[in-house]
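Student: Knowing the structure of chain D, use the given hints to seat chain U on it.
Protein chains: 2
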Amino acid sequence: MSTTTAYRADGVTLREVALRDGLQLVKAWPTTSQKLEWLVREHSAGVTHFEVGSFLPANRAPQFADIRELLSCVTSASAIHTSALAMNERGIDEALTTQVSEIACVVSATEAHSHANIRRSRDQSIELVRYAAKRRLESNHGALISVGIAMSFGCSIAGPVQPAEVLKIAEACLSAGADLVGIADTVGFAGPNQVYELSAALHALVGSGRFVVHLHDTRGLGIANASAALDAGCRVLDGSLGGLGGCPFAPGATGNVVFEDLVYLCETKGFRTGIDIDALIDVRRTQLEAMPEERLYGAIARSGVPKNIDWAAGGELRRQ
Amino acid sequence: MSTTTAYRADGVTLREVALRDGLQLVKAWPTTSQKLEWLVREHSAGVTHFEVGSFLPANRAPQFADIRELLSCVTSASAIHTSALAMNERGIDEALTTQVSEIACVVSATEAHSHANIRRSRDQSIELVRYAAKRRLESNHGALISVGIAMSFGCSIAGPVQPAEVLKIAEACLSAGADLVGIADTVGFAGPNQVYELSAALHALVGSGRFVVHLHDTRGLGIANASAALDAGCRVLDGSLGGLGGCPFAPGATGNVVFEDLVYLCETKGFRTGIDIDALIDVRRTQLEAMPEERLYGAIARSGVPKNIDWAAGGELRRQ
Chain D
1 MSTTTAYRAD
11 GVTLREVALR
21 DGLQLVKAWP
31 TTSQKLEWLV
41 REHSAGVTHF
51 EVGSFLPANR
61 APQFADIREL
71 LSCVTSASAI
81 HTSALAMNER
91 GIDEALTTQV
101 SEIACVVSAT
111 EAHSHANIRR
121 SRDQSIELVR
131 YAAKRRLESN
141 HGALISVGIA
151 MSFGCSIAGP
161 VQPAEVLKIA
171 EACLSAGADL
181 VGIADTVGFA
191 GPNQVYELSA
201 ALHALVGSGR
211 FVVHLHDTRG
221 LGIANASAAL
231 DAGCRVLDGS
241 LGGLGGCPFA
251 PGATGNVVFE
261 DLVYLCETKG
271 FRTGIDIDAL
281 IDVRRTQLEA
291 MPEERLYGAI
301 ARSGVPKNID
311 WAAGGELRRQ
Chain U
1 MSTTTAYRAD
11 GVTLREVALR
21 DGLQLVKAWP
31 TTSQKLEWLV
41 REHSAGVTHF
51 EVGSFLPANR
61 APQFADIREL
71 LSCVTSASAI
81 HTSALAMNER
91 GIDEALTTQV
101 SEIACVVSAT
111 EAHSHANIRR
121 SRDQSIELVR
131 YAAKRRLESN
141 HGALISVGIA
151 MSFGCSIAGP
161 VQPAEVLKIA
171 EACLSAGADL
181 VGIADTVGFA
191 GPNQVYELSA
201 ALHALVGSGR
211 FVVHLHDTRG
221 LGIANASAAL
231 DAGCRVLDGS
241 LGGLGGCPFA
251 PGATGNVVFE
261 DLVYLCETKG
271 FRTGIDIDAL
281 IDVRRTQLEA
291 MPEERLYGAI
301 ARSGVPKNID
311 WAAGGELRRQ
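The listed protein sequences derive, respectively, from chains D and U. With the numbering used here, the residue at position 57 of the first sequence is 57, and numbering never jumps. With the numbering used here, the residue at position 131 of the second sequence is 131, and numbering never jumps.
Bound-form chain D, shown alone (with noise of 0.2 Å):
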């Protein structure tokens, strides 16, 4: 598999990670046939990229503790493109012998979160994502590796990011041998104008099909920036399905931006996204079966999408 194949240039591409991103702080979580349920009928509706766990340890993160099992369901099934999170040398052997399509490393954009989050500086993560492309290819595996440079848009700790900080890190991980690289707006910093300038420099420095958004809620901007990432050339974007994740350290804040949401919003931006949203929307069902006391996020499940709105026809209004 190339990021030729995985990820359209032509088109935007959107992944859904609740069943990462968005279980990465709950306290109870699906149950593997409850997550098959959720892939399924999200890939029914037309959804095709998904970040389905983490190779942590088990006794660290009980809720990806049946990513093997999730993994070898969901591939050999279907053309769902998987993503999945490695952490460490032992989280990236492992992945290595599963049949995921994406393995996710992460890289702080500032020294201080880096240390704090993953204890190791970030020079240390860019040789992880060298040791990633090192085994994939001595173990002749296909997948794609890409890089998530959490608080490129600001840190809770220390402060302000420069972009050309950001765009260094970036290129430092497409050297050591990623094949995609992704802005986190990680605790919800951002605003448009921010987005808009990363991305287009981004943009710039890799090309459309080679850089992802990855958007938090918490202060009401995430559709917003997402509109703002789309302007700069943006073409893959991340978002959880009603909006599941959240902050222990910021009561109230919400998680990932809302996936529904962020396609309708790239509907009406006439990117064709082929998922269809009330099938969608109805996936919400599951979601909330599976954790009924999880708070869902969204306006397009709560007003419904335009009932005169003709597709077919680019997005325009129909005449009643």
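Note that these hints are calculated values from the structure, not bench results. Virtual Cβ for every residue (Gly too), placed ideally from N, Cα, C. Only true hints are included.
Far from chain D, some chain U residues (derived; all Cβ distances over 12 Å):
1. H43
2. P57
3. A58
4. Q99
5. R130
6. S175
7. H203
8. D282
9. E293
Straight-line distance between alpha carbons at most 30 Å, and here's what the computed DSSO-like set of lysine-lysine pairs gives:
10. D/K168 / U/K307
11. D/K27 / U/K307
12. D/K307 / U/K168
13. D/K134 / D/K168
14. D/K307 / U/K27
15. U/K134 / U/K168
Tutor: Just chain U, lined up with the frame of chain D:
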């Protein structure tokens, strides 16, 4: 008063419309003293422009029956810019006997909505604007005249609306004597590209300080649409505190774009609003005391403004 003094051409003006548009459909509303507390507290937080009610017969719209009393208290007390809706000749005549700073008229973008909403044609609505300008001159009143073009981005009855049609109506309103024209996404159909295009065209036609973008957040695109309007040169935007409002024909639909989130958006985009967001958020308590059954919306009230943002340094994050 003229548009040049009432609306800055060199910055952004945000208008809080909850006391009119937000009360349009509610079953219970604040008392006059609660409305005054609301206005005074918001004004203390830095808000300068308010839509405060409507000159409708008290039996049709009892929530606005105190408009004269409200205006006499507010305009004598402060530098608050007040706007109130007038839907017919009687309303305009009454407005001109008060100290209102701005008389707001409405013209529909489509004939079908115009007849359904006010039982007048679009041309007859434009004639009403001409009447307002003539009566203002005769009475030597200093009020501005503004016109909101309802359904500018698509009509719930007639379907698609061509931008050229909206621009033609805007020109006709200005020729008839309006000082400002507004484009309203009355039922929340607009997406950011559509808002950008129409705003840019209107900006080319009339300049920054003479047009308003009035958005609803029905489908979660309100803030993204506001960001697009600002990008296109719009410098006057409406919002309602707590997103107060809604539509009886669209269950679950929210009202105007959330005012406090709009303020935060502007600040992240480098527009200094002069509004203290924390103090503004605190006014939601007054809102809830006055209308305990209303649901309030908004993200920044939930998450708070990032503590480490240095507004004085242009909204940069501050090192901890």
